[in-house]
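From first to last, the protein sequence lines are chains P and U.
So that you can map any letter, position 181 of the first sequence is 165 in my numbering, and since no number is skipped, the others follow by simple counting.
So that you can map any letter, position 323 of the second sequence is 307 in my numbering, and since no number is skipped, the others follow by simple counting.
No lab work stands behind these hints, which were simulated from the structure alone.
These numbers come from a predicted model, not from an experiment.
Some hints could be false.
Any copy will do: because identical chains look the same in the list, a pair fits if it lies in one copy or spans two.
[Unchecked claim] Quick list of in silico lysine to any residue cross-link-like pairs, SDA-like style, CA-CA up to 25 Å:
1) 219 <-> 245
2) 146 <-> 315
3) 243 <-> 298
4) 173 <-> 96
5) 173 <-> 6
6) 173 <-> 5
7) 146 <-> 156
8) 219 <-> 116
9) 173 <-> 262
10) 219 <-> 63
11) 146 <-> 94
12) 146 <-> 314
13) 173 <-> 310
14) 64 <-> 296
15) 146 <-> 316
16) 173 <-> 7
Number of protein chains: 2
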Amino acid sequence: MNSQSSPDIARSPLTVEVTRGPIVESRHQVIAAIADADGRLLRAFGPVDTPVYLRSAIKPLQALPLIETGAADAFNVTEKELSLACASHTGEPIHVEAVTEWLNRLGLGIEALECGSHWPSYDVAARALAARGETPTAAHNNCSGKHTGFLCTARHMKEPLKGYIGLDHPVQQRIVRVLEDFTGLDLAKAPVGTDGCSIPTIAIPLDRAATAIARFADPSKLPTERAAACHRLQKAIAAYPEMIAGSERLCTALNRAAKGRVIAKVGAEAVYLAALPEAGIGIALKALDGTTRAAEVALGALLDEFGALDADMHNAIDRFVQPELRNRNNMRVGELHAVLPPRTES
Amino acid sequence: MNSQSSPDIARSPLTVEVTRGPIVESRHQVIAAIADADGRLLRAFGPVDTPVYLRSAIKPLQALPLIETGAADAFNVTEKELSLACASHTGEPIHVEAVTEWLNRLGLGIEALECGSHWPSYDVAARALAARGETPTAAHNNCSGKHTGFLCTARHMKEPLKGYIGLDHPVQQRIVRVLEDFTGLDLAKAPVGTDGCSIPTIAIPLDRAATAIARFADPSKLPTERAAACHRLQKAIAAYPEMIAGSERLCTALNRAAKGRVIAKVGAEAVYLAALPEAGIGIALKALDGTTRAAEVALGALLDEFGALDADMHNAIDRFVQPELRNRNNMRVGELHAVLPPRTES
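For reference, chain P alone in the conformation it holds in the complex (with noise of 0.2 Å):
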C-alpha cells in the first residue's frame, strides 16, 4: 500500500472551493484546455499535457462511426436514438424504453449488450423500481444507449456481435482511429483501461482533448462527410437533451437551455467536454480528485469566462454550476465556487 513513490502531484491555478459558514470547508483542483479546432491552445490551467482518461465525455465521438458507416441510415435511427447514443442516462423509463426499442429493430434483445447493469444512478427511478419489485438491467446502465449504437454499427457492418466491447473489435478499433483523427496523436502507445461499461477508454493529453472537441464543434475544415456527421449529432443532442442525461442533471440542462450553441458532456472521474460551435472551440477539464460537483462548477465557470452563458442559460444550469449548499431542514449552509486566476495569469 506504501511502496510506491507518488511523482509530483499535479496543481492548477483554477480550484473549486466548497464554503460551510465562514470557511472553505474543501478544495478542488481543476485542470483545463480550451483549443481551437487549428489546436492553438487558447487557454491553460495546470498541466494540461496530463494524458486524461475522457471517459464517457468522449461519447459524442465514439458515435460517429454509427453515422459514418451508413449504420443509422440502415436501420432508420432517429434524432432521440443518436443523442441516446452519445447519453450517461439516468436509468429512467424514456431511455430504457428507447434502448429496448432500439434492439428490438435489430432483431436483439437486452442480453445482446455487454456493459453489465446497475441501479438507475437517478434515485428516483430506483426507487420506482425497486417499488414495482424489479431490478435493473443491462438497458437502465447509463451506457446502454451507446452499446445499442455500437451493436447496431457492428450488425449493420456484419461483423460478430459478440465482443464488440474488446479493444480488438473492429467497433473500437473504429473509435481508435476517429479520437486519431481528432486529435492528431498516434494513440498505439497511449494507456488504455476499462472503463465502467467494460470498453477500453484511452488516456488523451488534456490539451489534444480540447483540441478533438474543438474539431467537433467546428468541422468545416474536416471531410464533408465527418462534418455532416458532427453537426448532425449536434443537432440531435440539443434537440433531444433529456436522452443525453435525464433528471437533475447538468448535460440534460445546460444542452436544453443551451439549444446548440453549447454541446457538452459529463464523463466520470470528473471530466467534462464542451464543444462551443460558434466559437469553433472546445473546452476539456478534468478535477484532479475526480469528483464530479468540482468538474460542473469549473465548467460553468469557464462556459461564462468565454461570454457562453446567457440570461437563460445561468436560469438552466445555476443550480449545478454555482449551487448552494443546503441541509436537511433546507437551510442555505454553504456554496460550491470557482476561483479562476486572472487572464494574465494564465
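Position chain U relative to chain P; hints supplied.
Below, chain U alone, put in the same frame as chain P:
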C-alpha cells in the same frame, strides 16, 4: 463566481491514488495529524494547523454530556443506544426502530427531532422503503440517534426541547465546553458552520482534533467521571458497531473487527477521527477535497503505519481501505491506494 482570490492551496505529502489500467486516473491529498493525550504531535502530514469542520467524526465527544449529565442513567439508556447516539447510520430498520423506541421512552415522537429527513444512505434500505410505499422520516436521518441523545439530555436537564439544535441552547453549549476541554482551545472565536442536521459544527485545527481524540482514547488524566464516560462510549461502540453506521460501511466493519482497540468515526466531507486506546493516540485526517473514499484509504494506511491492524482487521476492512475498482461486469479495472512519504520526511 470568479471574484475571490484563492488563498494558497494546502498540499500534503499523503495522497490517495485512484488507478485505472496503467496510470493514475485521479489523486486526492489528505492532511493528517497523529497525537497523544498529552498533546504531543507524533506525526503530521500537510498543514495540520488548518481549522477543519469535524462534522460527524466528533459525535463520540458530542455524546459525552448524555452520560455526564446523568441523563443516560435516568432514562435507562442502553449500550446499543449509546452507540446509536454516536452514529451516522444508514437508515436501516434496526436504527429507525431503536430511535423510535428511545423517543417513546422519553415520551416523544419523531416530530421532536429537528434534524430533517432524508432517504437512507444505504441504497438497499432506501429501495426497501420505497417498495413498501413509504417515505423517510426524521428517524431515517443518519443523525437521528445523536438527536435523540440531545433530546434525552435536554429532557433530563428540564431544558426546552424545542430549539435544541441552536448554538445558544444548553445542549450545544455543553458540547462546546467538552470540545474546549479536550482541545485546550478557547472556541469562542472559532469558525462555526451549520451541519447537515442543523446543529453547529465548529472548525478545529486538525492537530488539536488529534489531541482531543487521543484524550478520548486514553482518558486516564481526565477527571474520573469523564474518564468513565469515555470508556463507556468506547465499550458501547465496540459492542454495537452496527448501530454507529450500518451495512457496507467502514465504521461498522472497523469498529466490529477492532474489538475496542480502535474506535473510529467518519464525518462528512472526508473527515475521520480514530482513537487507539492501547497506544493512547488519536488520528485526525481530512481529504482536502472532501471525498470519503480518500479518507477511508488514508485511515487504513495510517492505522497500518501504527501497527493497529491485525490480519482479522485487514480481512474486515481491506475492501474499504485498499479497495479494488470493479466495473459493471465485475472486472477489476483499477484500485485505490495510499502513498505515504517515508517517516524521515514528515
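Check: What are the numbers of the hints that this structure violates, sorted from low to high?
Finding: Those not satisfied are hints 4, 8, 9.
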